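Undergrad: Next come the chains, spelled out residue by residue.
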Amino acid sequence: MSEMKPSDVAAAEDSSEEQDWNAAKTFFDSLKSNKPRPPKPRFAVSIAVSSRTLFNMVAERKIYEEEGVEKYVAFQVEHENEPLKPGPAFPFVKALMNVNSRLRELYPDSEELFDIVLMTNNHAQVGVRLINSINHYDLTIERFCMTGGKSPIGYLEAYMTNLYLSKDSDKVTEAIEAGIAAATVFMPEKESELSDTQLRVAFDGDAVLFSDESEIIVKQHGLDTFFEHEKHFENQPLAQGPLKCFLEALGKLQRKFYSKNERLNCPIRTFLVTARSAASSGARVLKTLRSWGLEIDEALFLAGAPKGPLLQKIQPHIFFDDQMFHIEGAKDLGTIAAHVPYGIGQKYHKGKLIEQPAKKE
Amino acid sequence: SKDSDHAVVVAVASRAVFEPGAGGGDGVYAEGVAFPLLQALQKVNERLLEENSAESLLFDIVLITTDSQQQQQSSQLISSTKHYGLEVSRFCFSTEEDFSESLLKNNVQLFLSTDRNEVSQTSQKGVLSALLDEYTASCPSEQLRVLLCGDAVIRPDTNPTPASRQAAQSFSARLGKMRQRFGMSDSPLSITLMTSCGGRDSCGGALQTLRSLGISADEAYCLAGAPQGPILSVLRPHFLLSDGFSGLED
Numbered sequence: 001m002s003e004m005k006p007s008d009v010a011a012a013e014d015s016s017e018e019q020d021w022n023a024a025k026t027f028f029d030s031l032k033s034n035k036p037r038p039p040k041p042r043f044a045v046s047i048a049v050s051s052r053t054l055f056n057m058v059a060e061r062k063i064y065e066e067e068g069v070e071k072y073v074a075f076q077v078e079h080e081n082e083p084l085k086p087g088p089a090f091p092f093v094k095a096l097m098n099v100n101s102r103l104r105e106l107y108p109d110s111e112e113l114f115d116i117v118l119m120t121n122n123h124a125q126v127g128v129r130l131i132n133s134i135n136h137y138d139l140t141i142e143r144f145c146m147t148g149g150k151s152p153i154g155y156l157e158a159y160m161t162n163l164y165l166s167k168d169s170d171k172v173t174e175a176i177e178a179g180i181a182a183a184t185v186f187m188p189e190k191e192s193e194l195s196d197t198q199l200r201v202a203f204d205g206d207a208v209l210f211s212d213e214s215e216i217i218v219k220q221h222g223l224d225t226f227f228e229h230e231k232h233f234e235n236q237p238l239a240q241g242p243l244k245c246f247l248e249a250l251g252k253l254q255r256k257f258y259s260k261n262e263r264l265n266c267p268i269r270t271f272l273v274t275a276r277s278a279a280s281s282g283a284r285v286l287k288t289l290r291s292w293g294l295e296i297d298e299a300l301f302l303a304g305a306p307k308g309p310l311l312q313k314i315q316p317h318i319f320f321d322d323q324m325f326h327i328e329g330a331k332d333l334g335t336i337a338a339h340v341p342y343g344i345g346q347k348y349h350k351g352k353l354i355e356q357p358a359k360k361e
Numbered sequence: 001s002k003d004s005d006h007a008v009v010v011a012v013a014s015r016a017v018f019e020p021g022a023g024g025g026d027g028v029y030a031e032g033v034a035f036p037l038l039q040a041l042q043k044v045n046e047r048l049l050e051e052n053s054a055e056s057l058l059f060d061i062v063l064i065t066t067d068s069q070q071q072q073q074s075s076q077l078i079s080s081t082k083h084y085g086l087e088v089s090r091f092c093f094s095t096e097e098d099f100s101e102s103l104l105k106n107n108v109q110l111f112l113s114t115d116r117n118e119v120s121q122t123s124q125k126g127v128l129s130a131l132l133d134e135y136t137a138s139c140p141s142e143q144l145r146v147l148l149c150g151d152a153v154i155r156p157d158t159n160p161t162p163a164s165r166q167a168a169q170s171f172s173a174r175l176g177k178m179r180q181r182f183g184m185s186d187s188p189l190s191i192t193l194m195t196s197c198g199g200r201d202s203c204g205g206a207l208q209t210l211r212s213l214g215i216s217a218d219e220a221y222c223l224a225g226a227p228q229g230p231i232l233s234v235l236r237p238h239f240l241l242s243d244g245f246s247g248l249e250d
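Just so you know, the protein sequences line up as chains A and B, in that order. In terms of the UniProt record's numbering, the first sequence is residues 1 to 361. In terms of the UniProt record's numbering, the second sequence is residues 1 to 250.
Just chain A, with the same shape it has in the complex:
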């Protein structure tokens, strides 16, 4: 799973890294603009977003699929002075920027901030339109990788990425297999009013924050066995899931507000939205979080009830779940949902085992 960044590195690596950093710092300071300098990657919480999650490129994507890459790039270049419309991760990015402003107010010299990186396998010529669009909305995105068709996974690792959001489930799966927290973001069916003063992130429990060990029991042995099992192992922490480290990174930033007496006014709020029920299987989840030293602001146990209506009330900037069934329910009611393709849930749909076609070679 995504590890917190190591603080001990070989001296040789350190000095060239310092050189690169100092050169950039000098450059940014010389600009004498109001633009905030991007944080040092080693200390920042790096969020990589793809171009299609940041911007709405549905029409352009259609051209790519129907007419090929050359026509697609030509179209983008022709329209490069027309800013793209916001995509599903746009509100999330704005909320991250707001947290950064608050952090900079309280800790003007700290590098512990969100660092938003555009990670796209678009061609560099499409990049001009992307840069123009970022300028149009004045987003604080100063780092990007435009890989011209190559896989972004190596670059995600090079940037010490804490979370990767994409529309391409293959890339997301590859990232998770490489130990990077990642999710496939879906555009909701309708718009909703999201907070512009507080970043709100909702997580499913099993196979997202926690491993899928308990979910395996449900799928293979049924609910009753699951309840017995969870009660029996109540005091044994669950293993970690792909998004545990991202929750940890959020918690670290939250504590920076708490230590400045800003708990009530904290611009980050986290939610656990789980199908578990409080009475029978909830205790293990809460004890696991406690054993990890992690806090979650609100834990909502649905005991199997649909998640959509509750999420509508919470209005998170993003909701992570491993099961497409819940993702669909969420987006139908206007929640920005992100699928985490991890664990046994991928082989099932609504409780039934999916018939897998023979894998093509």
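Take the hints with a grain of salt, since some may be wrong.
[To be verified] Facing chain A, a subset of chain B residues (Cβ under 7 Å, in silico):
# : residue
1 : 200
2 : 204
3 : 207
4 : 217
5 : 221
6 : 222
7 : 225
8 : 226
9 : 231
If you are wondering where the hints come from, they were derived from the structure by calculation, not from laboratory data. For clarity, every value in this text was computed on a predicted model and none was experimentally measured. Just so you know, even glycine gets a beta-carbon here, dropped at the ideal spot from N, CA and C.
Based on these hints, arrange chain B on the given structure of chain A.
TA: What follows is chain B alone, placed relative to chain A:
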């Protein structure tokens, strides 16, 4: 066939192509770090000729050496070249004093070597030069990957002179022209832009500068102070050119 008016002359130090001294057996030298690079240059030529058998904008590869040992064994140099199937059009044997003049006389547009001092000297004499290192050996041989640095910080010890900037721009423009012979995907040549210091406007500006030189970059990376090492090890360019692409200079 390579029309000398249009060929892009690339000189590679023989010590980079073949391991100095070490014998590969049968009187043939062992492969050096520049091997995949040479193969990639050849691949570009092959594909250019596939597109147009009368193509004259091709790489013209010259092996140059001041190494007295290798000069004495010039026949071994030539036979090693043949042994590995390398398409070298000329062999230049020069002394250290005449080295840069030799390059200029041979109309060399790009000089590649593993020797930092050599590269620094030729660069100062106005020959576009790039340093090869051990990472070059691990680059792919199926695609030539060239990295253009949008803000000249990759080699902070060299001062770009107007002459070297001009040389970089004209070489890159020829490269850009070569690149246009191929489509977006499956190109044997890939041009990458990287800005290491500045933010998105630096990179955006550099992309526009490249366009004005007739260069359509395939990939672009804007680091804004993030460490270059990890990114370069994923990028794996065969060599990098660092002068004359900033959108913000002059």
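Undergrad: Run every hint past the structure and note whether it holds.
TA: Each hint, compared with the structure:
Interface hint at residue 200/B: satisfied, since its Cβ lies 5 Å from the closest Cβ of chain A, which is below the 7 Å cut-off. Satisfaction of the interface hint for residue 204/B is found here, the shortest Cβ-Cβ separation to chain A being roughly 4 Å, below the 7 Å cut-off. Hint status for residue 207/B: holds, given a least beta-carbon distance of 6 Å to chain A, under 7 Å. For residue 217/B, the interface hint holds, the least distance from its beta-carbon to any beta-carbon of chain A being 4 Å, beneath 7 Å.
The restraint placing residue 221/B at the interface with chain A holds, with a minimum CB-CB distance near 5 Å, inside the 7 Å limit. A cut of 7 Å between beta carbons decides the hint on residue 222/B: the least distance to chain A is about 5 Å, and the hint holds. Taken as an interface hint, residue 225/B checks out: its beta carbon lies about 3 Å from the nearest beta carbon of chain A, inside 7 Å. The interface hint given for residue 226/B holds, since its Cβ lies 5 Å from the closest Cβ of chain A, which is under the 7 Å cut-off.
Because the closest C-beta pair between residue 231/B and chain A is about 5 Å apart, less than 7 Å, the hint holds.
Comparing the model with each numbered hint stated earlier shows that all of them hold.
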